[in-house]
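Single-letter residue listing:
There are 2 protein chains.
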Amino acid sequence: MEIERLTDAARDNLLADLPRWRLGADGASIHRQFRFTDFSQAFAFITRVALLAEQQNHHPEWSNVYNRVDINLTTHDAGGLSERDRVLAHSIDRLVA
Amino acid sequence: MEIERLTDAARDNLLADLPRWRLGADGASIHRQFRFTDFSQAFAFITRVALLAEQQNHHPEWSNVYNRVDINLTTHDAGGLSERDRVLAHSIDRLVA
Chain A
1 MEIERLTDAA
11 RDNLLADLPR
21 WRLGADGASI
31 HRQFRFTDFS
41 QAFAFITRVA
51 LLAEQQNHHP
61 EWSNVYNRVD
71 INLTTHDAGG
81 LSERDRVLAH
91 SIDRLVA
Chain B
98 MEIERLTDAA
108 RDNLLADLPR
118 WRLGADGASI
128 HRQFRFTDFS
138 QAFAFITRVA
148 LLAEQQNHHP
158 EWSNVYNRVD
168 INLTTHDAGG
178 LSERDRVLAH
188 SIDRLVA
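Chains A and B, in that order, give the protein sequences. Each residue of the first sequence is one higher than the one before, counting from 1 in this note's numbering. Each residue of the second sequence is one higher than the one before, counting from 98 in this note's numbering.
Careful: at least some of the hints might be erroneous.
Label-pair restraints from in silico Cβ distances [as the list claims (entries may be wrong)]:
1) E180(B) x Y66(A): 13 to 23 Å
2) A113(B) x G79(A): 42 to 52 Å
3) P19(A) x A107(B): 42 to 52 Å
If you are wondering where the hints come from, they were derived from the structure by calculation, not from laboratory data. Model, not experiment: these values are computed from the prediction. Cβ atoms here follow ideal geometry from the backbone N, Cα and C, with glycine treated the same way.
I would like the entire structure built from these sequences, with the hints used as guidance.
Following this line, the structure appears as structure tokens:
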């Protein structure tokens, strides 16, 4: 299945739809930072995101330092943002809603 | 408990003792990259490292992109490398030995 990159208009819609995510400097990714009380809480979240990623067959680029988790979403096969990023970002937001 | 930074000589010993780890440009951290067959294998490893980190109360700065895991170890309380980094690095190496 080919994955299409979002048009500029669709990308603007995505950003409006995901107010807690920021567009990367390259315009090809979105980013959100999460903070928890400690590593254990952060890792519980990381584990739930990992399960979402496998379920959706779409994986984040992410990093963790103790209680902080930084998540970047992009779709390499599309050369930028795609609907997959929107879906995964919404799923992640629901975990911490 | 105060955590002491390793002396330069002790740091050289640590590096000799951990041939798969590289000293960071700042001289205050060590780094190793791991590659797996897919995200599932990478995340299994990530989970095991998380358990080690909690057990040792010493946590990595790390990132993951699909099958790749990058781990940086440093001891902020010591302002550089300490014995905690040596211990955690050895524990991580044993997971993939």
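Going through the hints against the structure:
Taking the beta carbon of each, E180(B) and Y66(A) are about 19 Å apart, inside 13 to 23 Å as hinted. Look at A113(B) against G79(A): about 44 Å separates their beta carbons, and that is inside 42 to 52 Å. The beta-carbon spacing between P19(A) and A107(B), approximately 49 Å, falls within the hinted interval of 42 to 52 Å.
Checked against the numbered hints listed earlier, the structure breaks none of them; every hint is satisfied.
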